[in-house]
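There are 2 protein chains.
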Amino acid sequence: MSQPLRLGIAGLGTVGAGVVKIIQQQATLLTMRTGREITISAISARTRKKDRGVDLSGYGWEDDPVALARRDDVDVYVELMGGSNGPAKASIQAALDAGKDVVTANKALLALHGQMLAEKAEAAGSVIRYEAAVAGGIPVIKALAEGLAGNKISRVMGVMNGTCNYILTRMEATGQGYNALFDEANKLGYLEADPNLDVGGIDAGHKLSLLSALAFGTQVDFDGVELEGIQRIALEDIRQAADMGYRIKLLGVAQMTDRGLEQRMSPCLVPANSPLGQLEGGTNMVVIEGDSVGQIVLRGAGAGEGPTASAVLGDICDIARGYRYPVFGQPATSLVAAQRAQSVLAAPYYIRLSLRDKPGALAKIASILGEAGVSIHRMRQYDHVNDIAPVLLVTHKTTRAELDVALTGIEKTDVVTEAPVALRIETV
Amino acid sequence: MSQPLRLGIAGLGTVGAGVVKIIQQQATLLTMRTGREITISAISARTRKKDRGVDLSGYGWEDDPVALARRDDVDVYVELMGGSNGPAKASIQAALDAGKDVVTANKALLALHGQMLAEKAEAAGSVIRYEAAVAGGIPVIKALAEGLAGNKISRVMGVMNGTCNYILTRMEATGQGYNALFDEANKLGYLEADPNLDVGGIDAGHKLSLLSALAFGTQVDFDGVELEGIQRIALEDIRQAADMGYRIKLLGVAQMTDRGLEQRMSPCLVPANSPLGQLEGGTNMVVIEGDSVGQIVLRGAGAGEGPTASAVLGDICDIARGYRYPVFGQPATSLVAAQRAQSVLAAPYYIRLSLRDKPGALAKIASILGEAGVSIHRMRQYDHVNDIAPVLLVTHKTTRAELDVALTGIEKTDVVTEAPVALRIETV
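Those protein sequence lines, which keep their order, are chains A and B.
Take 1 as the starting number for the first sequence in UniProt numbering and just add one per residue.
Take 1 as the starting number for the second sequence in UniProt numbering and just add one per residue.
One chain only, chain A, in its complex shape:
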């Protein structure tokens, strides 16, 4: 039997406590599977005295996660505090400097500083593993970086923010509006401290940028993700989508095109009977398309103590078994800067306008669309309420560039009361 693998765990929220529980309760199983005992040397959290439902008395304590990361009795530094800077970043850097391996669930940190950390890790001969950073318990990093390593990946798609999907599916199920469901999600503790991370699509965008790097051998480029949140989705949009056989999902798409890497995270219409369309509540789904494997679909809980801790343990077990490879699946120095391509592929779009009750208003809209090269597949106008009429359009296939010209033109007129809502229709 080899030496024990000794962990230092920073952050004892639900996930951190969940990891400790598994290590305590499944000790025999973990040793059987990895050939090593997995032990916890020391822990760190914001407050020491708090009942976390797990016995922590046998472990060393560090107030400072940086000190924890540097301890001689720590082989793997497990960072579960979160945050894209501050203690998380400082402590992971300290761990790498000290030659430790790192396991983290921190998507924001990796999305913003992934390239720097990957270079640092490789220089130090350390690994960074982050299965828990993307899609909770679904082993998607593993599938992409290992299982499908023989494939040239062409596209990765996914619904990867459970809170947004909860809000959207509950709007449809209950007939309540966005604000009411936002409040409900907040009360249930589903929202990040900064809710915009969730509903603004940022959290999901972080995840997508990590999958892109793994899939395409490009440097993580979170800034290259076209982001759009779900804040402007109205009940009306959900109903209209349903009426046409679609559901609205905050969908991430990353694909390598002739012109470069396209990455977007935005609410889209997807067929209601497709695997993505059928996702309920907090469930996540990732779709991976490779030249040999075709399409692989992975589904599971996207968050929560158990699923996230499961992913952390998967990484720890790999390290215990001696599995080591570069952070983004190939040497950090070989990752190329992504050439950004903005939605070069045409798609139909759903558009909702709030039209003023003026003569010629609709004609104006139609002519702006026509001039931009956007042709209308179908259109409905409803009754005016308070002099405003909802107009719903579905376009024929158009590029985002053409559409943006049209939308900007429409917004500048005096016939709409707010910027149009435009949602891409994906035939996944």
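The reader is advised that the hints may include incorrect statements.
For identical chains, the list gives no copy identity; a pair is met inside one copy or between any two copies.
[To be verified] Distance condition first, Cα-Cα at most 35 Å in a straight line; then the derived DSBU-like pairs of lysine-lysine: (1) Lys187 to Lys49; (2) Lys152 to Lys89; (3) Lys50 to Lys89; (4) Lys358 to Lys21; (5) Lys358 to Lys49; (6) Lys412 to Lys364; (7) Lys49 to Lys152; (8) Lys50 to Lys364; (9) Lys89 to Lys49; (10) Lys21 to Lys152; (11) Lys50 to Lys187; (12) Lys187 to Lys152; (13) Lys89 to Lys120; (14) Lys152 to Lys50; (15) Lys358 to Lys89; (16) Lys21 to Lys89; (17) Lys364 to Lys397; (18) Lys358 to Lys412; (19) Lys89 to Lys364; (20) Lys364 to Lys120; (21) Lys397 to Lys152.
No lab work stands behind these hints, which were simulated from the structure alone.
Starting from the known structure of chain A, fit chain B onto it as the hints suggest.
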């Protein structure tokens, strides 16, 4: 850069040729991802002269796969011939004896001789990898043995024979009977040389037995899989199932119960709108349930050149990167003999009987069911045609043992013309 990883590939059917193609076409990508060049030293197949759509001129040739497996210039022996005995078994044993690692797609061989081969591999310090043996391109072995290694697995389910699923979904779509679709599948080359491997559920049973070993730490026990094929499924069954909101799938279920390991591969009714119910054609799906992760669903192509070759390459890349762990996820000597438990969990069943036109016939059936403790949830009798009336029953929850008593009793009477068809209803 490390030394190249040198392969010897035996079997150049579609999968073998596909593997060669990927290694030739994606050489740069594979080296980037694994840090090593992946080369082919030599190959072996039944006939040397045959156009396989790929240039084989640069490789050594061995008529005998055993000789290939033993070559000094082979680090990894890739067995893609198939067959549970004969050359496949002999050559894998030879490879292990010579201290080589093995990658194989051979589910039958591992299902029947997995324990022996695992012990041999571990004694030799070799690994055997077999992602391609189960569910084609879906990285399910990886998910189970690695990604979910922190979980106590409670249940694994799956639709893992594309040919059966093709026949069943085509019956529903076209309204043609089993025999017609069997012939169609045969013409399309979807059936194994011995079709019973497919339609008898044996091939899928082999796969299930491998997943069981990985999931539960038990010795592979293919003989412990309760097997039932799809040969007796009639169009009527598919229609009745649809009518009740179900679809019929050849479903594998392996679960650890208080009484032991339950493994069955049989046609079942599953909800039409469930992920399993929606599977079309040759697509495979595996559902894994763990104590921490909850439920993970994996979906993808279950067979074919590209998907299977993708799985083989995933294994090769892991070996190139130096990943090594026991064949069934824990030391072979620690795997315990599975205690077989036959369907201890009760479920409702769908039963179809062919009843003779005799006074009291239905009463006789009902009384046999009642005496066995099987209560009827609903029943329909149709018109007699040629003195035979189809009777369709759905029972309340019953154990397989109780049901078997009833079915045996019914078969012994003179009021049915053939053994009843009984299909479990799974509420997955």
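Evaluated hints:
no.	hint	verdict
1	Lys187 to Lys49	within (25 Å within a copy, 70 Å between copies)
2	Lys152 to Lys89	both (32 Å within a copy, 32 Å between copies)
3	Lys50 to Lys89	within (25 Å within a copy, 58 Å between copies)
4	Lys358 to Lys21	neither (65 Å within a copy, 64 Å between copies)
5	Lys358 to Lys49	neither (65 Å within a copy, 78 Å between copies)
6	Lys412 to Lys364	within (11 Å within a copy, 80 Å between copies)
7	Lys49 to Lys152	between (50 Å within a copy, 30 Å between copies)
8	Lys50 to Lys364	neither (63 Å within a copy, 67 Å between copies)
9	Lys89 to Lys49	within (25 Å within a copy, 60 Å between copies)
10	Lys21 to Lys152	between (39 Å within a copy, 13 Å between copies)
11	Lys50 to Lys187	within (22 Å within a copy, 67 Å between copies)
12	Lys187 to Lys152	between (43 Å within a copy, 32 Å between copies)
13	Lys89 to Lys120	within (12 Å within a copy, 46 Å between copies)
14	Lys152 to Lys50	between (48 Å within a copy, 28 Å between copies)
15	Lys358 to Lys89	neither (56 Å within a copy, 81 Å between copies)
16	Lys21 to Lys89	within (25 Å within a copy, 43 Å between copies)
17	Lys364 to Lys397	within (21 Å within a copy, 65 Å between copies)
18	Lys358 to Lys412	within (15 Å within a copy, 82 Å between copies)
19	Lys89 to Lys364	neither (52 Å within a copy, 75 Å between copies)
20	Lys364 to Lys120	neither (56 Å within a copy, 78 Å between copies)
21	Lys397 to Lys152	within (27 Å within a copy, 48 Å between copies)
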